[in-house]
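Take each chain as given, in its own frame, and dock them per the hints.
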Amino acid sequence: MDSAVLGKDAVRAALPENRALSSLLAWNTTAVLDAKYHLKELTVTIARDEIRGACQAVKNAGYNFLEDVTCVDWYPSEPRFQVTYHILSHGLKDRVRLISPVESIDPSIDSITSIWPSANYYEREVWDLFGVRFHGHPELRRIMMPEEWDGHPLRKDYPVEGYR
Amino acid sequence: MPARPELAQFVETSTLIKPRPEEGAKDRTMVLNMGPQHPSTHGVLRLVIEIDGETVLKVVPDIGYLHTGIEKTCEAKFYQQVVPMTDRIDYLCPMTNNLAYCLAIETLLQLEIPDRAQWLRVLLNELTRLNSHLVWLGTHAMDIGALTVFLYCFREREDILRIFEHVSGQRMMTSYFRVGGLALEPPLDFFDRVKAFIKRMPEKIDEYENLLTGNPIFVNRLKGVGHLSAEDAIALGVTGPPLRASGVDWDLRRDMPYSSYEKFQFNVPVSNDCDVWARYVVRIQEMRESVKIVEQALAGMPEGAITANAPHVVLPDREKMKTQMESLIYHFKIVTEGFTVPAGQVYQAVESPRGEMGYFAVSDGTAKPYRVHMRNPSFATLQALQTMCEGRLIADVVAVIGSIDIVLGEIDR
Numbered sequence: 001m002d003s004a005v006l007g008k009d010a011v012r013a014a015l016p017e018n019r020a021l022s023s024l025l026a027w028n029t030t031a032v033l034d035a036k037y038h039l040k041e042l043t044v045t046i047a048r049d050e051i052r053g054a055c056q057a058v059k060n061a062g063y064n065f066l067e068d069v070t071c072v073d074w075y076p077s078e079p080r081f082q083v084t085y086h087i088l089s090h091g092l093k094d095r096v097r098l099i100s101p102v103e104s105i106d107p108s109i110d111s112i113t114s115i116w117p118s119a120n121y122y123e124r125e126v127w128d129l130f131g132v133r134f135h136g137h138p139e140l141r142r143i144m145m146p147e148e149w150d151g152h153p154l155r156k157d158y159p160v161e162g163y164r
Numbered sequence: 001m002p003a004r005p006e007l008a009q010f011v012e013t014s015t016l017i018k019p020r021p022e023e024g025a026k027d028r029t030m031v032l033n034m035g036p037q038h039p040s041t042h043g044v045l046r047l048v049i050e051i052d053g054e055t056v057l058k059v060v061p062d063i064g065y066l067h068t069g070i071e072k073t074c075e076a077k078f079y080q081q082v083v084p085m086t087d088r089i090d091y092l093c094p095m096t097n098n099l100a101y102c103l104a105i106e107t108l109l110q111l112e113i114p115d116r117a118q119w120l121r122v123l124l125n126e127l128t129r130l131n132s133h134l135v136w137l138g139t140h141a142m143d144i145g146a147l148t149v150f151l152y153c154f155r156e157r158e159d160i161l162r163i164f165e166h167v168s169g170q171r172m173m174t175s176y177f178r179v180g181g182l183a184l185e186p187p188l189d190f191f192d193r194v195k196a197f198i199k200r201m202p203e204k205i206d207e208y209e210n211l212l213t214g215n216p217i218f219v220n221r222l223k224g225v226g227h228l229s230a231e232d233a234i235a236l237g238v239t240g241p242p243l244r245a246s247g248v249d250w251d252l253r254r255d256m257p258y259s260s261y262e263k264f265q266f267n268v269p270v271s272n273d274c275d276v277w278a279r280y281v282v283r284i285q286e287m288r289e290s291v292k293i294v295e296q297a298l299a300g301m302p303e304g305a306i307t308a309n310a311p312h313v314v315l316p317d318r319e320k321m322k323t324q325m326e327s328l329i330y331h332f333k334i335v336t337e338g339f340t341v342p343a344g345q346v347y348q349a350v351e352s353p354r355g356e357m358g359y360f361a362v363s364d365g366t367a368k369p370y371r372v373h374m375r376n377p378s379f380a381t382l383q384a385l386q387t388m389c390e391g392r393l394i395a396d397v398v399a400v401i402g403s404i405d406i407v408l409g410e411i412d413r
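Quick mapping for you: the protein sequence lines, in order, are chains A and B.
Going by my numbering, the letters in the first sequence line up with residues 1 to 164, in that order.
Going by my numbering, the letters in the second sequence line up with residues 1 to 413, in that order.
Isolated chain B, as found in the complex (with noise of 0.2 angstroms):
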């Protein structure tokens, strides 16, 4: 008999649940409470896991602790207060997210977006790409015991924060897009701290290798755990680096290109391993391909405007604000009414670091969008979480959760 009864029910009248390998077997599970104040589930998630000795029967993920109603609050702040918002939603990707919202309001207005400012986009979507996968491999490494990756990792994520410092204000609350293009023209010296840190990025993933690849440890704790099936993932809703683990030739970036992604060439990663390995192989050669991108933009980043030629949507120039009547009355109309944005519905998908990242925007003919939905890839990929740890040691549960990658903000929204 578990000591506490109600954990009982929860796994009892949970979907989640398959039916017990063996009749009888209920005498000697028992039930554990993991989390949500537990330093390996990444942030407040809590898993209720059933188990036999060590290994797990089932793991049913209790979740909505951050719950902060961020679709609720969408709907009562104009179009451009938005975007501060969907910061929020991923920390670790806040551009990612700025992206995928300023382009499906882009695709209402039906706004032409500048060269630069889409390779811009691009270009910090991938430094984005970059910190996101670091802090993953800095912890998925913690957690299985490997202590010295997370700080080379974060020391690299220390440069990529300034360099959004340097760009935005904000080290992690970016808000550097706007609808319409960026907020403002990056500073002078941008383009070389970047060149800089991509320069020296290949070589300190070559340091993560050397610490990680081939460590026997690390390697026997990875391969063959979490085994997730293509068409497991495809049912369950995977996306991003744990699909393409899975065998599956798939990336927004490449498929259904947005903001000029198809102007780059990269590769896909994928693996047919389908486990916990490949997941950590994809992700290492997804950060090469990364820099290759930045590189790309670094090279032939276009001259031009950073915003649409759209005065009723883009704040005018902070110069011409102060001296021409018509930029002052477009700045106070946009500031203190918004901008109308007409009816319709619009999805708007981009590859997130974790998969696909959504934007459901429904708008009504007002200055406040009617319905914000964010598709989220951690709320989808954390439904595979029983199929990967069904039959496995309880310890595996914590190295299958750091290969998927979860965001507890953008779950809980």
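Next comes chain A alone, as it looks inside the complex (with noise of 0.2 angstroms):
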């Protein structure tokens, strides 16, 4: 079985090639606060202010290609939202996951479309389904549910069947 390395010193050690997580901590070691590596994908969890900056040290290491971003409601515990960021990297054939805790009193986080322009359709996505709010988003409405809908329908205490 392949087991999880968790501790941001031990996966330092398991993976001392990884550019990521090499440029990640050159970049700034306390917004690191936690890397995890399991079934042969890296997760970095990142201060939620931070993450901007976290977003171009990866991509300054030449992860030049944003997947994804999502999130994951762990309602009820707190933080209660992980938000995701899947980066591929073209030249070095790898992908790094960076996730960052939001709390649910304020759940907003710095938008990364400066970095990357597609993150736009993915915020939207988040924010319409999760309610997370991107601070710097050019252009922040809901894109699934109409304008006027009540309520963040991926949230856990959204039910399944909606309200009736």
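Derived by calculation from the structure, the hints in this document are not laboratory data.
The beta-carbon is built from N, C-alpha and C at its ideal position, and this holds for glycine as well.
It is possible that part of the hints are untrue.
[Said to hold, decoys possible] List time: in silico DMTMM-like cross-link candidates among lysine to aspartate or glutamate, alpha-carbon distance up to 25 angstroms:
1. A:59 x A:94
2. A:93 x B:112
3. B:204 x B:192
4. A:156 x B:364
5. B:204 x B:289
6. A:40 x B:206
7. B:263 x A:157
8. B:368 x A:157
9. B:77 x A:94
10. A:59 x B:231
11. A:59 x B:255
12. A:8 x B:364
13. A:40 x B:255
14. B:292 x B:206
15. B:368 x B:112
16. A:93 x B:364
17. A:8 x A:147
18. B:368 x A:94
19. B:292 x B:115
20. B:195 x B:273
[Claimed, not checked] Below, a sample of chain B positions facing chain A; criterion: calculated Cβ distance under 8 angstroms:
21. 250
22. 255
23. 256
24. 347
25. 373
See the structure below:
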């Protein structure tokens, strides 16, 4: 069985060659809260306020393509939202997952549209379906649901069959 | 002043919009609503287009008309019940979606999939790619005005759908893959039918090319239209054939292989022309490569089991279930309470006919997925529409939409 490697230092020791992790640690060690290597996938936890800098650091390390931005709702535990970024490197043929914990008292995080314009739709989708705001997003409107919709359907406290 | 003020406001507040070429131009521009019911938008895509004469200034896609909340529904289903949902995301390549989902869950379960199942998955995925590209070619040519090609393409597509029906019992919503392998051993004459079909496919592709590649009307409508540079394509999240037509040599089947794609020899067609024509050429060449992969899969198909050795995940053989107590118990448990998946998060990307189809699955250790998210190629590629259409004629918008090969079911989910 493939067991998980937990903690920044342990993952650093297990993956000394990994450019994403080393560049993130070189950029700002305190903003990197945690790291995990499980099922051959690297997950790095970034402090909420530093996500834009982290994305820039990863991009500078050669991870050139933003695949996806999404969110996981861990209701009722806190921090409730896990905003998740999948970033791919065409050159290194490697992928890194950045996650950022967001508290439910202020569900918001910096937008990364200035780094990857493709984040525009992904972040709109997260806002629409989870209600996480993105600071600095050029056009934070609903994208799937109608403009006048109440609530954010992918939250765990939203019933599957909707409100009736 | 546009006839419908709310449309004007929609354009005004949107972002994909760049500054106007000149001040005062607003007086002579017009807002045109295209879709959601429009034959060339391939579904229920609505475009709000600001035009100056026939020149497009802005294109703002308005999506969500087909939103069915599949991601939410997945959270209320057992892991094995999600497979049929994945068909419905992209109704032109159900097998690709089945594969991506099954691979993600199999990674979480750390299952070993037998070679035969992996090769059959590759074979069916390439047939799916042919199927999807045939629909793309037919509808794209029809949008341009070449009606004949549509019927030719659907003739071959019908053959593929018959093969799918033969193997899975369903033409379009196949749901043939299972977590842990395949639903059933393929029927006896399945390989012969695929062989017969794949033997005549190259000459059919020649036939489409005879109708289109040298056709001056078709060429003039496509060449130089919808320019998308490699930098823009990467910045806007474009994947698949449009990315390769912009000169980026990237194919997940070759570069991050899954389901034993590393055992197959094929070329990845790339073009540096960056226009609609390049996307046409890349896809046509991809069809020829898919034929090669299917031939290799037929020639080297390994023998053996089609499901992993994991009785707590894979439903037992029907005959065993009726005769053996242990199989009966496993069957009962899987059907009534599902199977649990160890906690973890996994992202599995596969090369769908439209680009990178990624499944992000989060498990909390129960029998239902905590979260399933799909990263959809068309959803991202749609963001590049403004870049490709800006400054072009309104008739070119139709050509560009055809060239990015969108499926609205997958965009809206």
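Are any of the numbered hints broken by this structure? If so, which, sorted upward? Those not satisfied are hints 6, 7, 9, 16, 17, 18 and 20.
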